[in-house]
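There are 6 protein chains.
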Amino acid sequence: MTKQIEFLNPPEIIRRSNWRDRYETKVAQWLTPWDGVELPEIGFIGVPLSKTSISVSGASMTPNALRELFANATTYNVDHEVDLQHLRARDLGDISMHVTDLLKCHANIEQGLNNVYETLPGLFPIIAGGDHSITCPSVKAFRKHAGGKVGIVQIDSHMDVRNLEDGGPSNGTPIRGLLESGTVEGRNIAQIGIHSFANSKAYHDYAKSQGILQFTANQVHRAGIESLVEKAIKAAGDGTEAIYVTVDMDVLDQAFAPGVPAMVPAGMTPWKLLEAAYMLGRHPKVKAFDIVCVDPMQDPRRATVRMTLYVILTFLTGYAMRSNP
Amino acid sequence: MTKQIEFLNPPEIIRRSNWRDRYETKVAQWLTPWDGVELPEIGFIGVPLSKTSISVSGASMTPNALRELFANATTYNVDHEVDLQHLRARDLGDISMHVTDLLKCHANIEQGLNNVYETLPGLFPIIAGGDHSITCPSVKAFRKHAGGKVGIVQIDSHMDVRNLEDGGPSNGTPIRGLLESGTVEGRNIAQIGIHSFANSKAYHDYAKSQGILQFTANQVHRAGIESLVEKAIKAAGDGTEAIYVTVDMDVLDQAFAPGVPAMVPAGMTPWKLLEAAYMLGRHPKVKAFDIVCVDPMQDPRRATVRMTLYVILTFLTGYAMRSNP
Amino acid sequence: MTKQIEFLNPPEIIRRSNWRDRYETKVAQWLTPWDGVELPEIGFIGVPLSKTSISVSGASMTPNALRELFANATTYNVDHEVDLQHLRARDLGDISMHVTDLLKCHANIEQGLNNVYETLPGLFPIIAGGDHSITCPSVKAFRKHAGGKVGIVQIDSHMDVRNLEDGGPSNGTPIRGLLESGTVEGRNIAQIGIHSFANSKAYHDYAKSQGILQFTANQVHRAGIESLVEKAIKAAGDGTEAIYVTVDMDVLDQAFAPGVPAMVPAGMTPWKLLEAAYMLGRHPKVKAFDIVCVDPMQDPRRATVRMTLYVILTFLTGYAMRSNP
Amino acid sequence: MTKQIEFLNPPEIIRRSNWRDRYETKVAQWLTPWDGVELPEIGFIGVPLSKTSISVSGASMTPNALRELFANATTYNVDHEVDLQHLRARDLGDISMHVTDLLKCHANIEQGLNNVYETLPGLFPIIAGGDHSITCPSVKAFRKHAGGKVGIVQIDSHMDVRNLEDGGPSNGTPIRGLLESGTVEGRNIAQIGIHSFANSKAYHDYAKSQGILQFTANQVHRAGIESLVEKAIKAAGDGTEAIYVTVDMDVLDQAFAPGVPAMVPAGMTPWKLLEAAYMLGRHPKVKAFDIVCVDPMQDPRRATVRMTLYVILTFLTGYAMRSNP
Amino acid sequence: MTKQIEFLNPPEIIRRSNWRDRYETKVAQWLTPWDGVELPEIGFIGVPLSKTSISVSGASMTPNALRELFANATTYNVDHEVDLQHLRARDLGDISMHVTDLLKCHANIEQGLNNVYETLPGLFPIIAGGDHSITCPSVKAFRKHAGGKVGIVQIDSHMDVRNLEDGGPSNGTPIRGLLESGTVEGRNIAQIGIHSFANSKAYHDYAKSQGILQFTANQVHRAGIESLVEKAIKAAGDGTEAIYVTVDMDVLDQAFAPGVPAMVPAGMTPWKLLEAAYMLGRHPKVKAFDIVCVDPMQDPRRATVRMTLYVILTFLTGYAMRSNP
Amino acid sequence: MTKQIEFLNPPEIIRRSNWRDRYETKVAQWLTPWDGVELPEIGFIGVPLSKTSISVSGASMTPNALRELFANATTYNVDHEVDLQHLRARDLGDISMHVTDLLKCHANIEQGLNNVYETLPGLFPIIAGGDHSITCPSVKAFRKHAGGKVGIVQIDSHMDVRNLEDGGPSNGTPIRGLLESGTVEGRNIAQIGIHSFANSKAYHDYAKSQGILQFTANQVHRAGIESLVEKAIKAAGDGTEAIYVTVDMDVLDQAFAPGVPAMVPAGMTPWKLLEAAYMLGRHPKVKAFDIVCVDPMQDPRRATVRMTLYVILTFLTGYAMRSNP
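The listed protein sequences correspond, in order, to chains X, G, V, H, W and F. The opening residue of the first sequence carries number 1 in our numbering; numbering runs sequentially from there. The opening residue of the second sequence carries number 326 in our numbering; numbering runs sequentially from there. The opening residue of the third sequence carries number 651 in our numbering; numbering runs sequentially from there. The opening residue of the fourth sequence carries number 976 in our numbering; numbering runs sequentially from there. The opening residue of the fifth sequence carries number 1301 in our numbering; numbering runs sequentially from there. The opening residue of the sixth sequence carries number 1626 in our numbering; numbering runs sequentially from there.
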């Protein structure tokens, strides 16, 4: 029989909440570790790989950085009066990585996610990178899981269609990798937030030739985000079984995402990104979500990690309201 | 007879302005220490208490941090062509605090403000926290001073209506404390900027049951701040003698207020907060103002302290224009 | 004959790009050092002077800080589908400065720029400060170069018309210096972004008396930047041969320009500043450009230097489109 | 039956080691949470209280900050060829604290430790503060546990004998509190590292009058630490049942402990503090250990927390060698 | 009659001590502003000039940064059992500076100090820079004050004998300026702490030719500081009326002085610098003291400013013990 | 013919020295880029690889970070009165790296260095990492170059003999890789600075079994570094043609090397490391030098990069004195 010692809180409880108000649920009390038995509806999966980044990146530390913030945010969306704690969500853990063999890391991601989808059919995956290179193996696994064609809505400053010869499968190539492998067709890819002086003309020409739908950061600034997201969903959903959403946090203005490796000024604002996340979460065809390229080591007071968590929670608010007509 | 030494500036002058342009007035030359004799119209009062915060907070250092910035800002509002130096304003100093007896600190605040209001009748208080717990004793003193019912306009990400059993009177409870003590009625409280994932459903239900008027951060983003402030003033002023304004700086987006203990993404913008401050300053029923929850120890280049000073100066611009039809 | 060593990159190449994608041009590959022979169309000129600042400033380090970022940004503006690499642009280097004789520094700027304009007739100068004091000698040289009256469009939180008696020619006086020397008339000066609590009433009165056109930060917030820039161009171009554009980066909100010595809250946003830069770049009467008052020593992750580079590149995008009806 | 998913590591394992070398034991794999059943020899106990500090302190975050570093350090002391994993050590968790009632916090510490000592007789406590105020209730509990007189070896820049009237039981008063309550006699207290300009003459006189043995920082610098520790042990052990060791990390020079609230230059070096910790760990009469006053919020790259962990591990190395003649 | 308000502390008192223990004297309660009437024995004088530095320096902010720390340190030296509050010391303020005319700044220093010495005969000056350029005009005034030949003991990584042609009187030239002006003879100058890779061979040869006595950082490391200081005092005092001590804080290792513009690794340690300060303070021929080249803007948690204050207080401890045989 | 513009310094000159004193040589004026023709005696070679690190590391940025500091340090060692500018030294550039294929990176290092040694026979290489994984391919190339057995003197907190199965060739395995490949014998390897709680017992046993000579950090603290270096040279030189020196900067105490990924408290001091570097530079059998594991992204004010440069310059001082009996 285990002993209880009055006035002493066990270490695991401390990590989840140093102090607790009995009328409040924190994300840490809801998004708890998977027990290996339950069949959760939502699965949080970390993919701690960032050595595949072109510049130095500590994005491999983001899954754990998010888990630390689980103790700070509540589950309640006051705008929509939705409490996420009614969703059966679990933290499945992280895909295992190799220290020096980066192709093995990509293989682990694809196979690990295949395993997850087989073990937990019906799971909606919330995938936290890592850098954007993870989206290529992740979408490959997702396509197998979806059992048909898939589309992509990508919110990003960068097109990510670099050639694969100059550096292999990096955070600059996931979309190119998916196109060249025939996993996704260009006409089912929509990119929102593409930024000047962060992409080259040659790749812009390539993206156009593949039929990718693109909206620039400036278009996001001038137009409402709503209409652009609607168009993106339409393109990604056209003739496909499911839509995969991928968010690169460097799409945000550098003031709002100071902790990304490749920051830009005059990027997207948090209000627009959260609106997009809500809309995408709400759409029934969206069946997977990843969010990438946050470097907690360069992130003052974890501002970018916090915003990342808010994007996830807002996406899930939309998801929770799907059944709500 | 005191000696003057040419080319030597006394230390007190140095603190107020290292270099002076003869055609410019800095806040430090206008908002000078009270001499114990004058009857100023505006009194700046520091309330350096933040051990009552749920998380670690250095907000007790804010009054002095604001005083340091007095040397940097001028008194001139170029938008309204108003020079604040025509207001008779003085720095009254700080409420004295106890190192370990936090209830005594709250008692000092209430009694100290009672003393101020008795000694300096007609004073308009500009109260700088400290954390939000100070608003409870401060409004109690204010109600006595006002001689009748008072209302509150609160600009904040948080509802601050936590139960008082789990942690005593903290920065999460001032509104609860005022409601339970009967100091203010719920229907005279208006909250602007309430944020998702920063409050719980149970407290949302409680606030509704008390008749508190609430506008979320998202509503502020979508609507003009003007209409919301008008509605808030109407609720706070309905049947009351006076309105007390309380601003928690964590209402701002984390990019604009990086130095608050409980920061949120997608919060209010500085343009909207200054507009609200101006409108509230201008309204004749508003008769007290506090601003809280800034931690100078976590504030890069004092950005949040600076914004706090601008909120105060903009509120006073509105105040200075009250007589201006 | 020089030897090539396989797998070894010479140090000069490393500085320009640690890794290169063959389909991408970085600013560093386009804006290369002048070889002393070419006649470039665009000349980047550093003016590393900031001891003339009233407060401590490291703005003298900005030209080299910009050069370091040349390796990170591409030359392609995706919004306008313009590739800057078609402009013949060169980095001419920096004006030489004296360690302790600040009047000599100003003289070097004026004479150095005179020499540049004589040696490279037809050059469009992109001048990177340094602090705002450099604009006075720079406009004097520009006026000689322009061969007639010139106007100024200034984007700035400050009026920069302080008296010259209290501190000599500092970063608070360039416009006063140009007015008092008869270099520019007040009615040909337009200032956008003037900020409350950052200027004094006496200088506001002076600016009005000189006929300077002013728009406050609040007006920029409420109005579209487009109409204000149009009015500014009209005033600056009225009866003049050419317009000189000067941007003080402290016009931006402190969240977007954390690395300026005299930061303000509720300043201009990057979207508006880039729009202004584009419009000014596009206007045929604009014939010189400077950008000042960024302190790389106080700039987290070079965010303000990066924004400065984007302002330059966006201005040049407008310039590149001048011939485009 | 629980499922295993290949290539997926559960979240709890990730926190303890993102990657593991099979031939290496990290502290996190050894100092694991207590299961409520075992009778460990060593118990790690967090005491997250720092609102009792005179200046702002985040020392309440130190127990969890230490736990995070458990994943980085190994259990092997190469100097003495001792592997700590042979000690039965467990992490018991943290004493529970009240948000605003600081006397209640002190009562919880004393009662909580009493409970621990009753539940786990024979336990050697490693207590991690929190600030130095915790040492007063901790030694009170320890004295009850020891069943006789106890002595104290304190390694600290400060004497901690302030009067209890001016601020109550703070981090400046633990020794005064123990003296006035009769818990410990002055002649059984030895202080090492007392610093100039960090204490007052009046308290120096008081300490002398109580018979406290004191060595200044300068004496530590000039003499070998060994002889001073021997003298300290002798005084603390003279006529007592057991010795309680308390280390205030502000005893270190500010270069070596940048993350303490009250830092001093020319303090102790890490080599001397580790030597002292080893000697004290080794001495059979030493039966409790606490370490306090580290603020992780002000600690660049957790340098001071890391040093704190090394002090604990080095103390335990000495402890492990007690049986080794 | 002035009013007292219970529980309210006036702002000036707050700056000197937010909380006070009645049995403790802080530097701020002792080193108070000069009232223009007293004849203090010790005068603290700020010289806020650093535009004369070769690299960017904020050393002009050091006098006020020191004043802020006056509230944190006590007056009691526990090693020597000396309480500095028995010295009649006052803060005289700062020498006034011009914004852009740096020669005028140097003239103000010389004339301002002449004025101080005439007004307050017998004053022992404690001069806080600013950068090292201030030592040239300061020693010129001191020589006039001393009424005969003077010697210099300089503790510094740099020789400061650069030529005056390449940059004028900068922080690299004070000793050259004093030699060329005939103010001091080379044989009466002793330099302790001269560092490799921070000086050139040509200037080493020059210093030798002038007869300057030099000890390198490595010699300080290997030898005891005591013998070197004794030799330095002997050289500086040989045939002179008085010795002027000048300390450039960049003599310290960069770990101990992270806030100097020109930091070096493997520099002096704080224990040795404090010992030197004590010995120099104690010597009857030493009659002036300056300390320079600390940049509070680059100084994490004010570590270097704090060490600067400790050097001053330790020097004054020696001074206080002069009468003590 | 190229044009000269008075008062304008070309950008390449600016990078090497913003301001120049004609009597001073900076490292940047001496260690200039190789022109592809000369046969330098000393070659500086960057190896920008750090994705092979177990934890996140930006050490790939160190070669360029060192180059930036070349403009700050002089070439003159005042302790030994040696001016390094008499050595024919050139900056050869960096080994080229692949973005994602880390085995290819290691192959490039080995082949690139082979190419360097063939092209420039007689070259003494100064190799700047990168992380410690580079030492394995570097020593392989060096052994081929040396034409016989080689020994290693390693100054490091870590043994670097991890198994190669768990993570491939990482920064934890270079010595294991060299042993298993038969490149170096254990009895010719000497390690200085091995640290407690940073290595495991199993690897200590392995190192002993291989005959590696080890001195712990504590032994370095207690003994003079001189005797340990002599013993290390003796072991490494016993029966070998040449000695390769490798310095891992994490051997330093964290106060002196705040910018290394795996920092330790109570590490080596800079005075001892420089003494070791001097002795090793001076020894005729030492024929190669590398220095690794500095992360400029985590290095406040480049303190660790600066110390790295001083280690190189001090090593070269010893080298320059080899001919000096």
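None of these hints come from the bench; they were simulated from the model. Where hints are given, some of them may not hold.
[Stated by the list, open to error] So the derived label-pair ranges between C-beta atoms look like this: (1) X:D101 / H:G1097: 46 to 54 Å; (2) V:E656 / F:A1848: 51 to 59 Å; (3) H:E1155 / G:L489: 39 to 47 Å; (4) F:L1789 / H:G1011: 34 to 42 Å; (5) H:D1213 / W:I1313: 52 to 60 Å; (6) W:K1449 / H:D1213: 57 to 65 Å.
[Said to hold, decoys possible] Derived BS3-like pairs (lysine-lysine); straight-line CA-CA distance at most 25 Å: (7) W:K1303 / G:K612; (8) V:K937 / F:K1729; (9) X:K208 / X:K231; (10) V:K653 / F:K1729; (11) G:K328 / G:K469; (12) V:K851 / V:K799; (13) X:K3 / H:K1119; (14) F:K1910 / V:K794; (15) G:K429 / H:K1079; (16) W:K1404 / G:K328; (17) X:K208 / X:K234; (18) G:K469 / W:K1404; (19) X:K144 / H:K1079; (20) W:K1585 / G:K429; (21) X:K3 / H:K1262; (22) X:K104 / F:K1628; (23) H:K1079 / X:K3; (24) W:K1585 / W:K1531; (25) W:K1444 / G:K328; (26) X:K287 / H:K1119.
[What the hints assert, rightly or not] Calculated from the model, a selection of chain V residues having no Cβ within reach of chain W, i.e. all distances over 12 Å: (27) A709; (28) L719; (29) L737.
Note that this is a predicted model, so its numbers are computed, not measured. From the three backbone atoms N, C-alpha and C, an ideal C-beta is built for every residue, glycine too.
Looking back at the numbered hints, which does the structure fail to meet, lowest number first?
2, 3, 5, 8, 11, 12, 14, 18, 19, 20, 22, 26, 27
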